Amino acid sequence: MNDNIVITDLARRFGRFKAVAGVDLEVGAGVFGLLGPNGAGKTSLLRMMATVIRPSSGRLRLLGRDPGSYGPRKEIRRRLGYLPQNFGHYPSFTVAEFVEYFALLKEMPPQRIPAAVASAIERVGLGDRARKKLRTLSGGMLRRAGIAQAIVNDPELVLLDEPTAGLDPEQRVAFRALLRELGQRATVVVSTHLVEDVGAACTEVALMDGGKIVFRGTPGELTAGAEGAGAAGDAPLERGYSAVLAQARATAAAAARS
Amino acid sequence: MTALGVPARVRTPRVTRVVPVAAGRLLRLELRRNAMIWTLPLLAALFWFDTYRRATGLPPLWTVRGMAMQWRAMFEFLPFVAGVAAWTGSRDGRRRITDLVGVTARPGWVRQLSGWAATTCWAEAAYLGCAAVLYGVTAAQATWGGPVWWPLAVGATCIAAATALGFAAGALLSSRFTPPLVVVVTLMLLVVVSPSANSDAVGRLSPLSTETLGTSAGIFHSFIPDLSIAQLMFYGGIAVAVLGALGLPAIAGGWRLRSAAAVVTVAGLAAAGTGVGLAGTSDVTANGVVIPALHDTASDRPTPYTPACDHGGSTIPVCLHPAFKTYLPALIAALDPLLGEVAGLPGAPVRVTQTASLQFDADATIDGSPPVLHLTVFVPTDTVPNSRYTTDDFVDPPQLAAAATITRTLIGVDSSGGGSPAQQAVAAALLKAANVPLPPPGVGLPTPGQMPPAGSPAYAAAQRFAALPAATRHAWLAAHLSTLRAGHVTLAQLP
Chain W
1 MNDNIVITDL ARRFGRFKAV AGVDLEVGAG VFGLLGPNGA GKTSLLRMMA TVIRPSSGRL
61 RLLGRDPGSY GPRKEIRRRL GYLPQNFGHY PSFTVAEFVE YFALLKEMPP QRIPAAVASA
121 IERVGLGDRA RKKLRTLSGG MLRRAGIAQA IVNDPELVLL DEPTAGLDPE QRVAFRALLR
181 ELGQRATVVV STHLVEDVGA ACTEVALMDG GKIVFRGTPG ELTAGAEGAG AAGDAPLERG
241 YSAVLAQARA TAAAAARS
Chain P
1 MTALGVPARV RTPRVTRVVP VAAGRLLRLE LRRNAMIWTL PLLAALFWFD TYRRATGLPP
61 LWTVRGMAMQ WRAMFEFLPF VAGVAAWTGS RDGRRRITDL VGVTARPGWV RQLSGWAATT
121 CWAEAAYLGC AAVLYGVTAA QATWGGPVWW PLAVGATCIA AATALGFAAG ALLSSRFTPP
181 LVVVVTLMLL VVVSPSANSD AVGRLSPLST ETLGTSAGIF HSFIPDLSIA QLMFYGGIAV
241 AVLGALGLPA IAGGWRLRSA AAVVTVAGLA AAGTGVGLAG TSDVTANGVV IPALHDTASD
301 RPTPYTPACD HGGSTIPVCL HPAFKTYLPA LIAALDPLLG EVAGLPGAPV RVTQTASLQF
361 DADATIDGSP PVLHLTVFVP TDTVPNSRYT TDDFVDPPQL AAAATITRTL IGVDSSGGGS
421 PAQQAVAAAL LKAANVPLPP PGVGLPTPGQ MPPAGSPAYA AAQRFAALPA ATRHAWLAAH
481 LSTLRAGHVT LAQLP
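Heads up: the protein sequence lines correspond to chains W and P, in order. Per the UniProt record's numbering, the very first residue in the first sequence carries number 1; after that it's consecutive. Per the UniProt record's numbering, the very first residue in the second sequence carries number 1; after that it's consecutive.
Bound conformation, chain P alone (with noise of 0.2 Å):
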């Protein structure tokens, strides 16, 4: 050890100017030596096992694959980033260092603040990296629209509430064991909040909720943010609160500073609170759920589009959302061979077109003058990570519930085997004439008609109309189709 011939004299310090200087170096050392950065190859293998594999299994709208960011990630970052803030923050009392720190001027509260904020700030890197990693994906997929920004803020916002929970348990227990029961609390909770997420109009304060987005939001209509802008309040509400409390005890500094603790802490609680009645007057509407003391009417309007549209060899066209254009040719290539059986047959459709969906679900109808098939799609929302949206999961249910809505409305027949035996051979022979594969039962798929049992009268009369040239059962359906819907053709009448 030497002692220098010439000390450095250092002048009494005088503090507050240079108050914001310091504190970004104490935050440039804390985010430098952060526990966080440890955990961050982890974080990242973990959203890339299952949030990653799981989104980009689904269709590449942007509501999709930004609420997997709210739902999905939330299970793979909220534990960990609590945990390792409980780590940070029983740091002093694990390192026994609580003596030396505590009686430094600077109040203990900043130096607690510096911590919490450079641990949230590695988490929120990793979070908003990995969603800009599954963003970038998206935009160089996705045919329409932009990027949906509501969720990733709830998102962001609950992992500092996380954090900021964790960091004060880890600071009120200061030990080794706070950590890991921080991670284990935090996956309980969100494995007991995950299906009570939709039961309740409070319970949808979860960012599990399910809710948010509606059957179409982002697509028919803008994504209505009544219910992410309560979760911001109180998830950033009990950030502020926790943050707030733990300048409360006076050790964490003077009067003036508690003071400021105490309005920060007042304010979280009711933001917080704020949020919770707010979620309480929420409503699940068909565009999502609506928040009427939040609610801007404007988002209920149809969001302005031009269809995608083509056709096939019918001629009839099917027009699909734009951002659905990438299903397009698969679409015409399952509908179109029905399409050519009905076409100019009176109550055809003319026209196929897409319209907003009102449930999780395909459906079809045929309505207007001139008729219009109106299909809804079947968008999924969450999958298994190695499960794949693929083209005919999105062709397949619109493909029998149009099916289905055209044997019903032009030959009389339905599902439930409603139909005289003409108008099930006749609905049959078409089904068969134009690919359409009937489901198995139990699928909880569209079921157009089935075809009639093997040996029958029935069966032996639809397999003879479809072996027919398409021209000749065309030209019978056009002469006989009203007779037939009503019920008054025979088997034996049929060619």
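Bound-form chain W, shown alone (with noise of 0.2 Å):
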């Protein structure tokens, strides 16, 4: 399997603070979930696989390149596409000069740029909205613009942080269904605490907690971690979330005592 992402012993520190506290992962094209309670690190992860932040130590190479280096970190840049957990916008672009400034700015050969503008934009649904200015779009919408700047150059490899927050459910199915055609040639990531998102859309899912991966494996095999456990949860698949993690405190606590 080629894996887009190979991380090895990825830790980061903010001050004396370790968000990421060694991180082993490979993954390759599909839809990857990372799940995780607040504060588990998957956002410093997920910066740390967008090039915003260098990891304190470990290694990191995705797409076959190692970011540290200033070419490698360009020719992954122009294959990625990264929506951040707090999504900013230029309020006074439009929705398809928004898509188009970061299609510029992701050097993609400009004869391509209309039709991939246009492109992206319809994908999300937001095709009629395209002259808009994205101050008159609701959060939602700008949610979309967000997910339309980060496909725009059909990237390789696809990082979202919390893309379905503020999605009405009707838009959470159709984002699903995008995701799962990005997955069928692309890595793509999506950093969620809906655990529901990552049943109906992810291949594989990893779970994060203080820092680390205390669980990977499919939704299936998350679900199946609540199965005598008795955690709460309304769906299986919450239950098995909360069935793991609990698991991995107690394991982390006995070590702790240990």
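Hints listed in this document are in silico derivations from the structure and should not be mistaken for laboratory results. Since the model is a prediction, treat every value here as computed from it, not as a measurement. We treat Cβ as the ideally placed atom computed from N, Cα and C, and that holds for glycine. Where hints are given, some of them may not hold.
Chain W side only, calculated, beta carbon under 7 Å to chain P, not exhaustive [as the list claims (entries may be wrong)]:
no. : residue
1   : Ala50
2   : Val52
3   : Lys74
4   : Arg78
5   : Pro84
6   : Gly88
7   : Ser92
8   : Glu97
9   : Leu105
10  : Lys106
11  : Glu107
12  : Pro110
Simulated restraints on C-beta separations [stated by the list, open to error]:
no. : chain 1 : residue 1 : chain 2 : residue 2 : range
13  : P       : Ala270    : W       : Gly139    : 49 to 55 Å
14  : W       : Gln111    : P       : Pro249    : 31 to 37 Å
15  : W       : Asp24     : P       : Gly273    : 53 to 59 Å
Please assemble the complex out of the two chains, which come individually in their own frames, going by the hints.
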């Protein structure tokens, strides 16, 4: 399997706080879900994968390249689609201008940009809003505009941090379909705390807690983790999430005591 | 949200040859959505309210109008363009989009430069548009010469430097408070720099320096661009250095780009430093500011021109530089009565001609053989918005200067009261007969003499002499002028 993301003992500190504490991960094509409670280190891990921040230690290879050097990092960024958790935008830009702006920043060939912009906007269902200014859009629409800029370059690596935040149920369903479509030929990493997104769209999932990956498997395996555990949750996947998390914390506590 | 059946597969992009096209499109986007667009009406209104009304109130001389675009317009433009540039520069931080734009392949420096370039393009368009309006009006009014471009170049470069500094401030301190702070600081700098602009050699680098013009630049000799060149180097250097410095941080791009940015920064600093060095060697001459290393002596040579001449009833021709042609009839009307009084007398001028002024003042001298009355005129370089430089403003000072010179040279009196009572009476009578208005004391105008105190014998003699027919006065003067000038005529001897 050709792994687009290879992470070895990756760590990131912010002062004395260790946000990511030794993560090992290999991810190939498909939709990969990154689950975990608030403060688990998902966003920090995703930001390192997006080349926003550098790891404090460990090794990171993206699309077969080392992002620590400028040239490879630039190549990675050309092939990257990223939607941060706090999605900022330029309110005076129209949807089409905003997506075109990022297409240009991603160094897409200019002649391909108009079609790619139109396609990306259409894929997120904002075709009829392409000429509307971003300041006139609702929160959900803004999020979709953010997804459009992430996919405009048809990226080989897509990193989405809480992409469904603010989307209504109908949009969420459509977005999962888009995720599955993207995952057919690219590596898509979705960081979320909404387990239903993971269950519907992800082929693989990792659960983070305390800066570490405490579980890795398929959504089905995560669901199976709840069997006999009596964990809380409305849906099977939620119960699995809770059970695996509780088990991981208990193990960590025991390790700390010993 | 709908997923398309046929996804648009875009091949892995390969770069570099398309960079100019992409940069152009990036600039187009930035131009279309730049915040500077919203300030254009404000800039236009401010320009009209201050610079335009001041400048059009001045004589329609290209240098005077051109320098208004460097002096006055900077007060309107620099604070606002710097503030808007700071707003643009702080955009990514304010909008919390730094992460998103930071992970794109295009170097951050290129992205920042496109934002700065768009802001500067609009600012320059506003400035040059305002200049075009003022120059258009001047073209319709001016009677000689052509547009002076150096002040515009300096103004445009100052604007580029202001936007670069403002943009850098915004990029460095990404806060919504940065733009207003930049506006205030720029305004304060202008106010602080304004009085020191002419105080020393380096202070002349200020765009507010008024010494560039000299007193007859662009009229009697060409505009000396020495100081303008130093200013262009200084402000252009600042702009280049600041923009280069934006490319130095690691996030700006790769080592090649950062090396290029370092070279650009050093080049900019070198240019700015050279500008300072050159300005330090500058010297003020009658023709303007001269910098020896830059000076072209050809610009010292007088500009050839054919004077505009005409005469009144006295038949003594009055000649002005064609730049002042519109004032000629009024000046003739003002001078001719006095010229008529003295025409043909020994030492009286046979011609009046304008010469290059050496100071911002009106003056007159009689010399040569046959005698010629040389006049310099007062040319203001600034005024207040509602004030206009009128024909009277042009005519009165040379009229008084001419009257003072004629009465001093021909009759022997001076404004300090020198001369015998008879000389004073004759001088006063001539001024009265020629309708020369005697200015109230303390207005700074030349004083050709004063009417003797009412009731005094000199006053009575002056009234009597002024009441004589012009031909009688002229005949008496022709016969007694040398004696009168020597102070040997008494009041009783006056007719």
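**Report entry** Violated hints - listed by number, lowest first
**Finding:** No numbers; nothing is violated.
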